[in-house]
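Chemist: Letter by letter, the chains look like this.
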Amino acid sequence: MLSVSDLHLSFGGIKALQGITFEAKPGEITGVIGPNGAGKTSLFNAISGFYTPDRGRVAFAGRDITGLTPDKRAELGIARTFQNIALFRGMTVLDNIKLGGHTRLKTNVWQALAYFGPARREELAFRAEIEERVIDFLEIDHIRKAPITALPYGLQKRVELGRALAMRPKVLMLDEPVAGMNREETADMARFILDVQEEFGTTILLVEHDMALVMDICSHIVVLNFGQQIAEGTPAEVSRDDEVIEAYLGAAA
Amino acid sequence: MITGNLKASYAADERVFDNRNKWAFFAASLAVLAGMAGFANDYVILVACQMGILLIAVVGVNVVTGYTGLISLGHAAFVAVGAYTVAIFHAGFAGVIPDGLMALIAIPVAVAVSALVGIIVGLPSLRVKGLYLAVATLSANFIVIFLIEQEAFAHWTGGMVGINTPAPDFFGWELDTKREMFVLIAALGVLTLLAVQNLFRTRVGRAFIAIRDRDYSAEIMGISLLRYKLTSFAISAALCGLSGALFAYFYARILPEQFELALSLELVAAMIVGGMGRTMGPVFGVIVIVMVPEVIKSLFGVATGGEASMAQLLAPLQDIAFGLLIVLFLLFEPLGLNHMADRALRAMNRWPFAR
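As you go down the protein sequences, you meet chains A and B in turn.
Mapping of the first sequence onto UniProt numbering: position 249 corresponds to residue 249, and the numbering continues sequentially without gaps.
Mapping of the second sequence onto UniProt numbering: position 164 corresponds to residue 164, and the numbering continues sequentially without gaps.
It is worth saying that the hints were derived from the structure and are not from the lab.
Hints are supplied without guarantee of correctness; some may be wrong.
[Unchecked claim] Once the Cα atoms are required to be at most 25 Å apart in a straight line, the calculated DSS-like pairs of lysine-lysine come out as:
id : chain 1 : residue 1 : chain 2 : residue 2
1  : A       : Lys72     : A       : Lys170
2  : B       : Lys7      : A       : Lys145
3  : A       : Lys72     : A       : Lys106
4  : A       : Lys72     : A       : Lys25
5  : A       : Lys145    : B       : Lys22
6  : B       : Lys297    : B       : Lys178
7  : A       : Lys170    : A       : Lys106
8  : B       : Lys7      : B       : Lys22
9  : A       : Lys72     : B       : Lys129
Can you make the complete structure from the sequences, with help from the hints?
Modeler: Set out below in structure tokens:
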């Protein structure tokens, strides 16, 4: 579904990514792990179009998207969340989620100014859809009118997932969805991620430090260290890999 | 008192006037405007017309700065473009287009030309933000005024000394009194507010707010920054163009100096005092920015006992008092008058159970 081949990215002398190659298979959850500074977020930014790689390519459903801007990639069906929550803080939960539908809605400026007619029809149909598919699904109906700033961290993370879901993405990229969460919140989030995969068949790419979560829900794992891809495989394979153990625990005793 | 959030459909929840109090406020506003058209004295009509013209321009600034977060200090330029387009259009097509249709064509042309200029002036916003954009738009203001003042264009623009402007004529109904102009200005003012409110109920307006709140996140939602920043500038400039067109029709003569930096700053000040990024903000802002100098002037008149020499001496103090008021506003109610109104409305909805 989403494939990255021989991706190189550098900032001045720092080589952030060196020859990353993997594929996120349709309908599966692929995990990207690695110690801090390994290049996980750089990889995400390259995939979503914020960074232009020096070499290599990103392909989506067989199409080369390396040269596209972030908004064009979103239109194709790539959604993502951010490590440090990038919601629109001046808006309510509902408006944030509605923004996820931007590329799928068609109202133009003239229709918007008039509102009554096509714009209203589309807005109401969309509202009904997100109420069911997103708000009900993520169990956030009690806070739909709340401003983002009034919500606790865990709920903000869930709203950000909701905003991504409103895009009806084909690929969903989650950058540390459970960072800073307690055990209960983590379990909730894990359940929602699995529900998304099951219900909508979405291909998911996940960056996460919580090893238990990654090992539990991912079917395929890519391990990065200092910008290099040091291992790839099923959770069982990766956790037995010597190089991975060394990167995480230091040299084997 | 509103006892609960009792809505049975999403349509009911998406309404702008979603409770009794809001409806009552809207209806009362329309009634006041209608009453003014019929019964207000000439002075009130004059001040109200000035407010209405300013209001439409402030709503325009609010779209680009308040909602989209792109600071502009050059919006007077678009007002100028609107006003001069009307004047030049009337002169250019005199005798070609019947008088009764002239205004109906001239106004949309002025709006369109302003929107076009807005897109050009908005181009720097794709590269620069904040103060840098403020400077870029500021220079656009100077360039437009400079062009209007050029001797080479004086044949059309009148140059430094300005140009006479006609009264609008709709199918033989000539709006040659201020009272008739008030009807036109009030109607367009209300329509502008409603249209802009509509804009922010749909994907287009939401995209603007998204760009303001977090631009990279907006991109990840599939919002093209290029397209929406320029759309925002176009809509904003179009409204200022409409304001300019009304300005030209309202006054008998327009001069380049009326559209200089001072006007741009006045528009921004009205937006900030009223409340940025809020529908009713410009209304409150314009009322303050037009009324307060009038009130200060009459207070000073009383204080000096109507003595001319004394009044002249104290004239600069009026500006200082006005400036001080705005500073105090920024200190104590940075979210603007709209925020105070929100609180009052909330208290009214909850009364008598809570305040």
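Chemist: Each of the hints needs a verdict: does it hold here or not?
Modeler: The hints, checked one at a time:
no. : hint                : result
1   : A:Lys72 x A:Lys170  : 14 Å, holds
2   : B:Lys7 x A:Lys145   : 13 Å, holds
3   : A:Lys72 x A:Lys106  : 15 Å, holds
4   : A:Lys72 x A:Lys25   : 22 Å, holds
5   : A:Lys145 x B:Lys22  : 18 Å, holds
6   : B:Lys297 x B:Lys178 : 23 Å, holds
7   : A:Lys170 x A:Lys106 : 19 Å, holds
8   : B:Lys7 x B:Lys22    : 16 Å, holds
9   : A:Lys72 x B:Lys129  : 22 Å, holds
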